[in-house]
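Chemist: This is what each chain is made of:
Number of protein chains: 2
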Amino acid sequence: MKTWFKLGVSLFLYLLLGFEVSACVTGRSTGDMGIIIERASGSLLVVEHSHNKILCRVEGLGDLSHASAVYSRDQAFAYIFARDGGLSKVDLREGKVVKRIIQGGNSIGGAISQSGKYIAVSNYEPGGVKIFNSDDLTLVADIPAPIEGSDKRSKTVGLVDIPGEQFVYSSFEGNDIFKVDLTSPEKPQVTRIQNVGRQPYDALVSDDGRFYIAGLFGEDGLALVDLWEKELKAKRILNHYGKGEKKFPVYKMPHLEGWAMNRDNAFLPAIGQRQLLVLDLQNWKEETRIDVKANPVFAMAQPDGRQIWVNFAFPDNQWLQVIDAVSKKVVKTIEAGKGVLHMEFTPRGERVWVSVRNKNEVQIYDTRTLEKVSTLPAQSPSGIFFTNRAHKIGL
Amino acid sequence: MKTWFKLGVSLFLYLLLGFEVSACVTGRSTGDMGIIIERASGSLLVVEHSHNKILCRVEGLGDLSHASAVYSRDQAFAYIFARDGGLSKVDLREGKVVKRIIQGGNSIGGAISQSGKYIAVSNYEPGGVKIFNSDDLTLVADIPAPIEGSDKRSKTVGLVDIPGEQFVYSSFEGNDIFKVDLTSPEKPQVTRIQNVGRQPYDALVSDDGRFYIAGLFGEDGLALVDLWEKELKAKRILNHYGKGEKKFPVYKMPHLEGWAMNRDNAFLPAIGQRQLLVLDLQNWKEETRIDVKANPVFAMAQPDGRQIWVNFAFPDNQWLQVIDAVSKKVVKTIEAGKGVLHMEFTPRGERVWVSVRNKNEVQIYDTRTLEKVSTLPAQSPSGIFFTNRAHKIGL
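Chains as they are written, first to last, in this note's numbering: chain P, 1 to 395; chain B, 1001 to 1395.
Keep in mind that the hints were calculated from the coordinates and are not lab data.
Here a beta-carbon is modelled for each residue, glycine too, at the ideal position from N, C-alpha and C.
A couple of the hints might just be wrong.
[Claimed, not checked] Pairs of lysine to any residue residues, derived as SDA-like cross-links and limited to a Cα-Cα distance of at most 25 Å, are as follows: (1) P/230 to B/1371; (2) P/230 to B/1324; (3) P/230 to B/1329; (4) P/372 to B/1186; (5) B/1233 to P/368; (6) P/96 to P/377.
[Unchecked claim] One-sided and incomplete, this derived list gives chain B residues near chain P with beta-carbon spacing under 7 Å: (7) 1030; (8) 1074; (9) 1075; (10) 1114; (11) 1326; (12) 1350; (13) 1388.
[Unchecked claim] Which residues of chain B face chain P? A partial, calculated answer using Cβ under 8 Å: (14) 1031; (15) 1208; (16) 1305; (17) 1368.
Generate the whole structure from the sequences, applying the supplied hints.
Modeler: Have a look at this one:
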């Protein structure tokens, strides 16, 4: 049955795309390339955004629901973090898996160090963070996230890279935020910030690597750490954020990586409401709210910060809205199709690629005209990741 | 004589670097690559910053004093703007000039459009801006910068790309700032902002493409345009900037691209003084001043905005200073050698490469320890440009 399905998919793509599905153009410069996660089939599409083209498909990547990716500093390789604990290294120009390991029982995401030498993965099961050599995926360090008064390891969440060969993450059961310094990888230096608030469930860092913000599942508000301070401490912000919504299960909490930030503001999904909250980044206080079509999931700022693109939770996940960052008004509402799961901007922001799962397609929009300019076939597409991420802090 | 010199240089580099000088590794992924301009010999070195290596030399690029570079969106090609009006397209992986044209008599710099389709060059002689197709360097448009009440074309300066397939530049004799929209390249849409102040001599744009700032040679202060406004207008800021320094010739004015900006502040060389001015980006007013070793030329912020690296004018150009962006104090003074001309950070900022012309070398520093970690030989090195510039707005 599965084989027939695979054959069917291959035939379908063969008919649509010709010979290019099964072979990548070896030696192509990868600066304008990327991948699209095909969550249902454990595969990914290698793409390029200069001509909006699919180059090939790579298979055998395991359970790719909620999968994410980072890139090597030369942009030759993608590292894929799969939900089943799989960590795969994919050669973009050859279109093949170079190495794949199962590094944990249940993985939630990863990051690559500033130098590109280390890959960090945060795990639900058995908890803690593992660090791997990016060349051969050998284990460099296994760092448990201790729980005060217990010998268990905590689940870790909100793992990001920051400058100085460091990573920051939060422990769900431990109520801590950790910073680990890999300057001497054989002896990682761990800094622990305790009692940041109950059950941090996700986090993000600002694009300069300075402000780390963790969402709290167990109470209202968010924990903010200014990583430029000498003595690290967590400060509570937005104390009303999450109020009355405690009974939501974790998977319904909005992703914090879905916060948009430009020079002046952060735009974040209001939990359980049809609104975006707008924060003033000078004081981290709420400045205003923007009414949107439904419950927002991701709010993503264009690279220039000029417009914010928003998608929504089921049953309203066929919609996309575009918000003007100055007037803070919705400028366009687009019905893209059921299952709008992710958006990725081209590096300088002239286009945005949108995964529309139920239509088995990726739609490409011009960010200036807000018109759809192209559509690509993909099997249940979810995350889209372009190679320019290799050069960004905090992903 | 010239041949003997060339042979000497080749032999010298052969001895130092082995076979790699004359041949690039074809097919290498270019995400971690870049070029070093060798101003005296009209050549450039192709380098990679994962292992701090020179890959090969490319020759025959004309007069490279004050040369600059941009990259194709796939990072396969560098476009070099030479002082003699030459525009060269260099294949990084092949290490060779693919095409070279003389597009004007005296060129001052260029930019690449958001889509990567167009290269714009600003010219002193015959003035105006020319637009070329980035594939084959054919002329797409020749846009004169008119001077009110004259039939001459003005010199153009401060050319930058902004989102929406647009460029912005200033006219030195015309006292205008222009925005040109290439959405329909056969019919460029030009917007003219008149009377911005006397003799704009250089400019920059903020990294989100929003704020365009031109320095004025003919009077004090700077012209600021908020490009997000519907009706574009120039506002005067820092009215004391340049006061009493009018008699400096243009080539001694500090480069405005030498302004550092992080989230909160801009750091700019005080003209003719041993100081950096610190502006508050909320109101564009002077917040404080930082005393430095000598007259600063470039002040460059690390990608994380945490530290500012400063070099200095002759006769103090052997010094480098590092400034902490929070305390606004000098944290280290380095004697690198005479002729420190340019600095370039690796994409995520763990290293900075520094051209030291008179020592014929490029020094590489760790931005965390502030120690020198490597030195590469180069003939009179000036500008250093890494390929991640392909994905940045406003260069």
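Chemist: If a hint holds in the structure, say so; if it doesn't, say that too.
Modeler: Structure-based check of all given hints:
Proposed proximity of residue 230 of chain P and residue 1371 of chain B is supported: the alpha carbons are some 21 Å apart, at most 25 Å. Annotation: proposed proximity of residue 230 of chain P to residue 1324 of chain B holds, straight-line Cα distance about 13 Å (limit 25 Å). Restraint check: the Cα-Cα separation between residue 230 of chain P and residue 1329 of chain B comes to about 16 Å, which is no more than 25 Å; the hinted pair holds. In summary, the hint linking residue 372 of chain P to residue 1186 of chain B is supported, as the alpha carbons are separated by about 23 Å, within the 25 Å threshold.
Pair hint residue 1233 of chain B plus residue 368 of chain P holds up; C-alpha atoms about 22 Å apart against a cutoff of 25 Å. Distance restraint check for residue 96 of chain P and residue 377 of chain P: the Cα-Cα separation of roughly 20 Å lies within the 25 Å cut-off, and the hinted pair is therefore satisfied. Taken as an interface hint, residue 1030 of chain B checks out: its beta carbon lies about 5 Å from the nearest beta carbon of chain P, inside 7 Å. Satisfaction of the interface hint for residue 1074 of chain B is found here, the shortest Cβ-Cβ separation to chain P being roughly 4 Å, below the 7 Å cut-off.
For the restraint placing residue 1075 of chain B at the interface with chain P, the shortest Cβ-Cβ distance is roughly 3 Å, inside the 7 Å limit, so the hint holds. Of the supplied interface hints, the one on residue 1114 of chain B holds, with its beta-carbon coming within about 5 Å of a beta-carbon of chain P, less than 7 Å. Because the beta carbon of residue 1326 of chain B sits about 6 Å from the nearest beta carbon in chain P, less than 7 Å, this interface hint is met. A distance limit of 7 Å between C-beta atoms decides the matter here; for residue 1350 of chain B the minimum to chain P is near 5 Å, and the interface restraint holds.
The criterion of a C-beta within 7 Å of any C-beta in chain P is met by residue 1388 of chain B, whose closest approach is roughly 4 Å, and the hint holds. With its C-beta approaching chain P no nearer than about 3 Å, residue 1031 of chain B sits inside the 8 Å limit, and its interface hint holds. Hint status for residue 1208 of chain B: holds, given a least beta-carbon distance of 5 Å to chain P, under 8 Å. Checking residue 1305 of chain B against chain P: minimum C-beta separation of about 5 Å stays under 8 Å; hint holds.
Nearest Cβ of chain P to the Cβ of residue 1368 of chain B: about 5 Å, under the 8 Å cut. The hint holds.
The structure agrees with every numbered hint stated previously.
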